[in-house]
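Participant: The primary structure of each chain is shown beneath.
2 protein chains.
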Amino acid sequence: MRKNYLLTPGPTPLPPEVCSAQARPIIHHRTPQFQAELKEAFAGLKYIFQTERDVFILSSSGTGAMETAVVNLLSPGETALVIEGGKFGQRWSEICRAHGISVKTLEVEWGKAADPKAVAAALKADLSIKAVFATLCETSTGVTFDIRGFGEAVSASPAVLAVDAVSGLGAIELKTDEWGVDVCVSGSQKGLMLPPGLGFISVSAKAWKMVEASKSSRYYWDLRRAKKAIDKTDTAFTPAISLVIALNESLRMMKEDGLEKIFARHHRMGEAVRAAVKALGLSLFAPSAASDVVTSIYVPSGIDGEKLVKTMRDIYGVTIAGGQDEMKGKLIRIAHMGYIEEFDIIVGISCLEKVLSKMGYKFILGSGVKAAQEVFLQD
Amino acid sequence: MRKNYLLTPGPTPLPPEVCSAQARPIIHHRTPQFQAELKEAFAGLKYIFQTERDVFILSSSGTGAMETAVVNLLSPGETALVIEGGKFGQRWSEICRAHGISVKTLEVEWGKAADPKAVAAALKADLSIKAVFATLCETSTGVTFDIRGFGEAVSASPAVLAVDAVSGLGAIELKTDEWGVDVCVSGSQKGLMLPPGLGFISVSAKAWKMVEASKSSRYYWDLRRAKKAIDKTDTAFTPAISLVIALNESLRMMKEDGLEKIFARHHRMGEAVRAAVKALGLSLFAPSAASDVVTSIYVPSGIDGEKLVKTMRDIYGVTIAGGQDEMKGKLIRIAHMGYIEEFDIIVGISCLEKVLSKMGYKFILGSGVKAAQEVFLQD
Numbered sequence: 035m036r037k038n039y040l041l042t043p044g045p046t047p048l049p050p051e052v053c054s055a056q057a058r059p060i061i062h063h064r065t066p067q068f069q070a071e072l073k074e075a076f077a078g079l080k081y082i083f084q085t086e087r088d089v090f091i092l093s094s095s096g097t098g099a100m101e102t103a104v105v106n107l108l109s110p111g112e113t114a115l116v117i118e119g120g121k122f123g124q125r126w127s128e129i130c131r132a133h134g135i136s137v138k139t140l141e142v143e144w145g146k147a148a149d150p151k152a153v154a155a156a157l158k159a160d161l162s163i164k165a166v167f168a169t170l171c172e173t174s175t176g177v178t179f180d181i182r183g184f185g186e187a188v189s190a191s192p193a194v195l196a197v198d199a200v201s202g203l204g205a206i207e208l209k210t211d212e213w214g215v216d217v218c219v220s221g222s223q224k225g226l227m228l229p230p231g232l233g234f235i236s237v238s239a240k241a242w243k244m245v246e247a248s249k250s251s252r253y254y255w256d257l258r259r260a261k262k263a264i265d266k267t268d269t270a271f272t273p274a275i276s277l278v279i280a281l282n283e284s285l286r287m288m289k290e291d292g293l294e295k296i297f298a299r300h301h302r303m304g305e306a307v308r309a310a311v312k313a314l315g316l317s318l319f320a321p322s323a324a325s326d327v328v329t330s331i332y333v334p335s336g337i338d339g340e341k342l343v344k345t346m347r348d349i350y351g352v353t354i355a356g357g358q359d360e361m362k363g364k365l366i367r368i369a370h371m372g373y374i375e376e377f378d379i380i381v382g383i384s385c386l387e388k389v390l391s392k393m394g395y396k397f398i399l400g401s402g403v404k405a406a407q408e409v410f411l412q413d
Numbered sequence: 035m036r037k038n039y040l041l042t043p044g045p046t047p048l049p050p051e052v053c054s055a056q057a058r059p060i061i062h063h064r065t066p067q068f069q070a071e072l073k074e075a076f077a078g079l080k081y082i083f084q085t086e087r088d089v090f091i092l093s094s095s096g097t098g099a100m101e102t103a104v105v106n107l108l109s110p111g112e113t114a115l116v117i118e119g120g121k122f123g124q125r126w127s128e129i130c131r132a133h134g135i136s137v138k139t140l141e142v143e144w145g146k147a148a149d150p151k152a153v154a155a156a157l158k159a160d161l162s163i164k165a166v167f168a169t170l171c172e173t174s175t176g177v178t179f180d181i182r183g184f185g186e187a188v189s190a191s192p193a194v195l196a197v198d199a200v201s202g203l204g205a206i207e208l209k210t211d212e213w214g215v216d217v218c219v220s221g222s223q224k225g226l227m228l229p230p231g232l233g234f235i236s237v238s239a240k241a242w243k244m245v246e247a248s249k250s251s252r253y254y255w256d257l258r259r260a261k262k263a264i265d266k267t268d269t270a271f272t273p274a275i276s277l278v279i280a281l282n283e284s285l286r287m288m289k290e291d292g293l294e295k296i297f298a299r300h301h302r303m304g305e306a307v308r309a310a311v312k313a314l315g316l317s318l319f320a321p322s323a324a325s326d327v328v329t330s331i332y333v334p335s336g337i338d339g340e341k342l343v344k345t346m347r348d349i350y351g352v353t354i355a356g357g358q359d360e361m362k363g364k365l366i367r368i369a370h371m372g373y374i375e376e377f378d379i380i381v382g383i384s385c386l387e388k389v390l391s392k393m394g395y396k397f398i399l400g401s402g403v404k405a406a407q408e409v410f411l412q413d
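Heads up: the protein sequence lines correspond to chains W and X, in order. Each residue of the first sequence is one higher than the one before, counting from 35 in our numbering. Each residue of the second sequence is one higher than the one before, counting from 35 in our numbering.
Any given hint could turn out to be false.
Here are a few chain W residues that face chain X, going by a calculated C-beta distance under 10 Å [claimed, not checked]:
(1) A57
(2) A70
(3) P229
(4) P230
(5) L277
(6) A309
(7) A313
(8) R347
(9) I349
Across the chosen pairs, the derived CB separations fall in these ranges [unchecked claim]:
(10) V137/W to T65/X: 32 to 40 Å
(11) Y81/X to A190/W: 56 to 64 Å
(12) E212/X to P192/W: 30 to 38 Å
(13) Y81/X to D291/W: 26 to 34 Å
By construction, these hints were calculated from the structure, which means they are not laboratory data. It should be emphasised that the depicted structure is a prediction, and the values quoted were computed from it without experimental measurement. Every residue gets a Cβ at the ideal spot worked out from N, C-alpha and C, and that includes glycine.
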């Protein structure tokens, strides 16, 4: 017997209600029964996105939704500004370049956030920039970016702001309409507590004009086609039916808790993990902009980071993430997003302590767990 | 209490094993555990596709896999020949045009199949044609096309053959390698007995050269990226984990039966439905090329076709499909594909008889069911 604990930044664990919803007999997608499911899903997504605009459902991963944003906003040869502070910021640039879009990057050191003033300055310096691409939570570094600040900077210009909120939506604050997020992109397997397979995208009125003007070639990602379908409470192509039905389960659970309570839970978990890191004598990778959905921690010197992650996972059943790309082997990342609460964090820290101890790292056993407990006691 | 029966050409009903596989706790996709699932899925798909080549798994509907074929094979300005005999043939043309590809169509009357000789002639008449796009089973009409014949015609030319086998793969014969199908595209929700949400695509060596040469802009659909991932038993982007795990359940079931037995079952069901149609005095829409996965039947004069479908579904729980686009209200379509067997067909015909009778259509009650039984008795 071994219980498994998933503390990874996507996929995140699934509530049993979501698991079992997927197991229901399949229904046809062009029936009143499924149309009722879609209606509920569209309304619930508006609540989560904090938008009055349509939220389109795509059958794709989050990257598909990102590409949807790019090809619907810009034409080949046009200019984008990408705020790049990690692997997922780089993905925006890669997608833009793949579509012949000229990319200016606002590069930020991995582990740091970008200053909205730098965004404003970049827009002022290059009036050809038509869209700014940003990331809510950069999963590769555990940094939350100041989307509100970016929104202020961009909304004062003719450009639009597109945000990759795949990691973070439904877990930390993101006021799509109020903050001036013109295009908000997300996926199913993080804050929304679902398996991967659904992408989501909302589009402001300002951005919709660009959707109609874009000359980028597109079919599956074409939001004009999606708009015609959503106006009839339909999807342009066969939807991932079982995932949409499961989505309604998670949306119901989230509405019952309410966004405020959900965000507070994530913040408390972030605080608890950061307190544990400090108590264990470890170092945060992103102390100045640490996100409340995933914490990146330096692997202490003398410890094999990849072995640490593998031992926790393969021997003790606790899956956390290692570093990606340039940070491979140098970081561990503990997620606290979605269907995770305080006692999962206690389990995660406890397992981290156990394996660190066995690997020869010196610290007082239990000190990390206790620091987390102290944070949770304040609830 | 009402039992529901799904006799639609996608989604098709799910085996309970597939339903419950989706409900398992989620696992992370970058683990040895999921890698083992992927390895099994890739091997099983090769068996179903009857190919030695890689079969890529996409998180998308079948249309996404079709777009993957188009953008990886052709560059803007190049010429494609599309064999169009229904809504899904037209989709190939729409996708090509959306990507700036010049489309020549070989139009076939809805309900008829195309002659491979016409394909050979079209290729001879226009040497600029680089790819031929065809459909295995045209779901909108219930016609099976002669893919083997198309393969012979195309393989004698420098062009490649891409087949939309979304409807039909794993239900009727399609020898991808032997017949010279350079690109074979499919989806999860038909013969493979899964919910929608996965797309599949295989690529021959001849077609792979075009993948490397294509100048069409692409990112999520880029098979060069997918190839790098599959060589490490991975996917380019986060896969639809729960659907891949469910896929292995259906692949296991299909391997246990074997393709030969599966194809024989589908053929017998097709024969049974066609016999029932005849016995009831109804007319087949595609008598000359009727497929063994879905049967299109003319709505008899004086009967409201849409009301017939709705009554069967909403009052009696038996969901069949109506006509699409130009055939709306004029056809009913009964699917016999995937997790459907003889007694589901008996139920479907019995319900059709009941509702036709109540709507005033004159025939001998039980004659359709009996005709189907006679076919099944030969097993």
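Participant: Now look at each hint and say whether the structure bears it out.
Facilitator: Evaluated hints:
Residue-level restraint check for A57/W holds (minimum Cβ-Cβ distance to chain X is 4 Å; threshold 10 Å). Checking A70/W against chain X: minimum C-beta separation of about 13 Å lies over 10 Å; hint violated. At a threshold of 10 Å, the smallest CB-CB gap from P229/W to chain X is about 4 Å, leaving the interface hint in force. Hint status for P230/W relative to chain X: holds, with the closest Cβ pair at about 5 Å, below 10 Å.
The closest approach between the C-beta of L277/W and any C-beta of chain X is roughly 6 Å, which is under the 10 Å cut-off, so the hint is satisfied. Of the supplied interface hints, the one on A309/W is violated, with its beta-carbon coming no nearer than about 26 Å to a beta-carbon of chain X, more than 10 Å. At its closest, the beta carbon of A313/W sits 27 Å from a beta carbon of chain X; the interface hint therefore is violated under the 10 Å criterion. Interface hint status for R347/W: upheld, as the beta-carbon distance to the closest one in chain X is roughly 7 Å, under 10 Å.
Interface restraint check: I349/W against chain X, minimum CB-CB distance 13 Å, threshold 10 Å, status violated. Take V137/W and T65/X: their Cβ atoms lie about 33 Å apart, and the range 32 to 40 Å holds. For the pair Y81/X and A190/W, the supplied restraint of 56 to 64 Å holds, since their beta-carbon distance comes to about 58 Å. Taken as a hint, the range 30 to 38 Å is violated for the pair E212/X and P192/W, whose Cβ atoms sit roughly 57 Å apart.
A C-beta distance of roughly 45 Å is found between Y81/X and D291/W, which places it outside the suggested range of 26 to 34 Å.
In this structure, the earlier hints numbered 2, 6, 7, 9, 12 and 13 are contradicted, and the remaining ones agree with it.
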